[in-house]
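Asks: The listed protein sequences correspond, in order, to chains P and X.
With our numbering, letter number 46 in the first sequence gets 46, and the count goes up by one each step, no holes.
With our numbering, letter number 62 in the second sequence gets 1062, and the count goes up by one each step, no holes.
Incorrect hints may appear among the rest.
Unchecked claim - Each computed DSSO-like pair below joins lysine-lysine, with the alpha-carbon atoms no more than 27 Å apart:
#1 X/Lys1071 / X/Lys1022
#2 X/Lys1022 / X/Lys1058
#3 X/Lys1058 / P/Lys14
#4 X/Lys1071 / P/Lys9
Claimed, not checked - Residues of chain P placed beyond 12 Å of chain X at every Cβ, according to the derived structure:
#5 Pro8
#6 Gln22
#7 Met27
#8 Gly53
#9 Asn62
#10 Gly63
#11 Glu72
#12 Leu79
#13 Ser80
#14 Ser96
Keep in mind the hints are simulated off the structure, nothing from the lab.
All residues carry an ideal CB built from backbone N, CA and C; glycine is no exception.
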Amino acid sequence: NAGVTQTPKFQVLKTGQSMTLQCAQDMNHEYMSWYRQDPGMGLRLIHYSVGAGITDQGEVPNGYNVSRSTTEDFPLRLLSAAPSQTSVYFCASSYSRQGSGEQYFGPGTRLTVT
Amino acid sequence: GENVEQHPSTLSVQEGDSAVIKCTYSDSASNYFPWYKQELGKRPQLIIDIRSNVGEKKDQRIAVTLNKTAKHFSLHITETQPEDSAVYFCAVGRGGADGLTFGKGTHLIIQP
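When you get a sec, could you build the whole thing from the sequences and use the hints?
Replies: In structure tokens:
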């Protein structure tokens, strides 16, 4: 199994540009989520999904959209990039449908917005 | 929402000594308490977790203790080794679909 994969690994955007961060998992997990990690801030939940067709907001959802058309994929869209969105983004999946179980993280995407 | 405080932010110990990292949380309904280790440039990985019906759990050199009354839990690493150097995050789950709330992390440095 590849586990959780993310693309791209690095990305530089200009303010106002849009892009999609890709995330996929091959463990048949129902629960998937997106976190952002900033220095000294830990990991903060952006959006999550408990299954295909179901998404909801986390702690810091503003400026991001998600969709879940299949169990495997959970892309994160930045609508109009801002410097405040410079961060490392981690996708995660869990066997626990409620999210209170081991989170399997992807390798991360390092995003810089100039 | 849930508030998780983690201390210390940096911890330096001599190789072979023990290290203890503490976290407190605010929501008494929380029932899942994992610890993640993150090496530089890598993804977080689960090292140990505990659920609210258990007070202590051990796995070789690492252990987690939970005090639900006081709403705090701790990570204990004994006989520390150079490969234990990393950032450690505690997290709290409430059993709902809104996942985990993470602490801000502890940078553990093992001095040779």
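Asks: All the hints need checking, so say for each whether the structure fits it.
Replies: Going down the list of hints, with the structure as the test:
1. X/Lys1071 / X/Lys1022: holds, 11 Å
2. X/Lys1022 / X/Lys1058: Holds, because 16 Å separates the two Cα atoms, which is no more than 27 Å.
3. X/Lys1058 / P/Lys14: Given pair lysine 1058 of chain X, lysine 14 of chain P is violated - Cα atoms ~48 Å apart, limit 27 Å.
4. X/Lys1071 / P/Lys9: Cα-Cα ~38 Å, so violated.
5. Pro8: holds, 15 Å
6. Gln22: Label holds. Min Cβ-Cβ 16 Å, cutoff 12 Å.
7. Met27: The claim stands: methionine 27 of chain P keeps its Cβ more than 12 Å from every Cβ of chain X (closest is about 14 Å).
8. Gly53: holds, 14 Å
9. Asn62: holds, 16 Å
10. Gly63: Nearest chain X Cβ is 19 Å from glycine 63 of chain P, so the label holds.
11. Glu72: Fine: 19 Å to the nearest Cβ keeps glutamate 72 of chain P off the interface.
12. Leu79: Holds, because the least Cβ-Cβ distance between leucine 79 of chain P and chain X comes to about 22 Å, which exceeds 12 Å.
13. Ser80: Since the minimum Cβ distance to chain X is about 26 Å, serine 80 of chain P lies beyond 12 Å and the statement holds.
14. Ser96: Incorrect as stated: the minimum Cβ-Cβ distance to chain X is 9 Å, not above 12 Å.
Hint compliance for this structure: hints 3, 4, 14 are broken, all remaining hints hold.
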